[in-house]
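Participant: Residue numbers (this note's numbering), protein chains in the order written: chain S, 1 to 280; chain H, 1 to 280.
FYI, nobody ran anything at the bench for these hints, they're computed from the structure. There's no promise every hint is true.
Heads up, the list lumps identical chains together, so a pair's fine if it works in one copy or across two of them.
[As the list claims (entries may be wrong)] In silico lysine-lysine, DSSO-like type, Cα no more than 30 Å apart, as pairs: (1) K231 to K210; (2) K195 to K231; (3) K195 to K210.
Number of protein chains: 2
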Amino acid sequence: MIGGSIAKAARLRNLCEEIVALDREQNAVNLQLAMEHGVIDRFYTDASAALTNADIVIIAAPVGAMHGIFQQIAPFWRADCLYSDTGSTKASVIQAAEQAFGGAPPNFVPAHPIAGAERSGVAAANAELFTNRRLIITPLPNTDANKLAELTRFWERLGSSVSEMNVEHHDTVLAATSHLPHILAFALVGLLGRKDEQREIFKYAASGFKDFSRIASSDPTMWLDICLANKHELLPLIRQYQAELETIAQMLAEDQTEQLFETFTYAGHARQRYLDQLDD
Amino acid sequence: MIGGSIAKAARLRNLCEEIVALDREQNAVNLQLAMEHGVIDRFYTDASAALTNADIVIIAAPVGAMHGIFQQIAPFWRADCLYSDTGSTKASVIQAAEQAFGGAPPNFVPAHPIAGAERSGVAAANAELFTNRRLIITPLPNTDANKLAELTRFWERLGSSVSEMNVEHHDTVLAATSHLPHILAFALVGLLGRKDEQREIFKYAASGFKDFSRIASSDPTMWLDICLANKHELLPLIRQYQAELETIAQMLAEDQTEQLFETFTYAGHARQRYLDQLDD
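Model the full structure from these sequences, guided by the hints.
Facilitator: Right, dumping it as structure tokens:
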């Protein structure tokens, strides 16, 4: 979905002569579909053939697959090519690159488009997925300045607003806004799904539940990888959330109406601050 | 918002000759706005004037206000009028009626439209709010069958799909799909809002966060009332949720990848069952 969306967006904006995909044999059906829809021009399951003459290589894969992918493409790595990725966690991707290359190559520019959907595969690809969305680049001290500028231009031409952030800060921020909410949604939908009354529960769920639970439909492989890759940021946040929830449960148990009202009001104001900066 | 939406919907479908609002003096601005927009024909802060000649009275107020409202309107209660409400919890509303009248009157038919929005006030009223939404009636053993049928027809003509449910079952089901998710959203947005990095956290939040957190913008007074009114259903559910979250945290801490994958996959399938029945 992400790879296909980048391909569609890049073609729509005439950023490329040719788009070539590299994937595993078992994804051939998805690749064939991408060919038929004109999303890509050619595809390979062999890294050597796919990477020849590439100017820019973007690795769009679950973060747990990055180490294997770096190893697969390392023999064909070229100094004049720009390499990047779309991983939702950055420390783990950079570590995978360091392991595969004995140090992250200066022409690998780690990046993360803050855009996505709960659907997977090329059929869900969308040329406007990145329009007016943020893209975070987490450069390393040895990252090549020209390659960094080149990747920035690429994403800006896809419509994204590009920021730079250090690796740890990226992983901290994303744990809070993305990884933790996914865990909370998986937990809620899992809990309700196991209840005897689940048919009735789901039947009478309102639109609030639909929105709240949407991210529980996200790809489990991708999210397993993200949660494991960023567990050192995510686990302490889950602990903080448990404490927050326990505080609210206590207020409720003890009918502390004033404190509960303040808690709900504070959350409403905090969300308003979030909405306000969306308009900035 | 709910009262205004019922008024707009009823007028649009020619279900009434005249729409009269009763509210507190401090809400006069909202009522004036409702008059100017043609949502209501007249408004009063005096129950006697408002209730004279009414055929149907619908109480749309936070559930914590129901007892006071029943007491206010009790002196003008008429056997030929149909009374109902829109409260999100039903046991507490029925208890309030029992206290005010020494037993719930047979012409009070408790109801709950499963529709809403995080906004309040008549400016947010929407004539199509109830179209294709569910409405639950929780009749009591002594509820008048004709009044029940009358209320059912009324809501069906507003476009709702009307079901009957017993009171306790309603409160159990709604605690799971509505009240618990609201608590979880309030807790998350409150937690993140207190962090030093909140500006950055909110700046880089993706659409998943926007959807997940939407219900945290709900009216705090209304939700304080709902949570307190339904705390005997809600608290055990919060406890179950805490256990679920702890299980996931343990899996993550101990790198139990297979169990985590199964947990995420199960949640995704459960949400698919929810989506499937939406189409039924």
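Participant: Can you name, in rising order, the numbers of the hints this structure does not satisfy?
Facilitator: none
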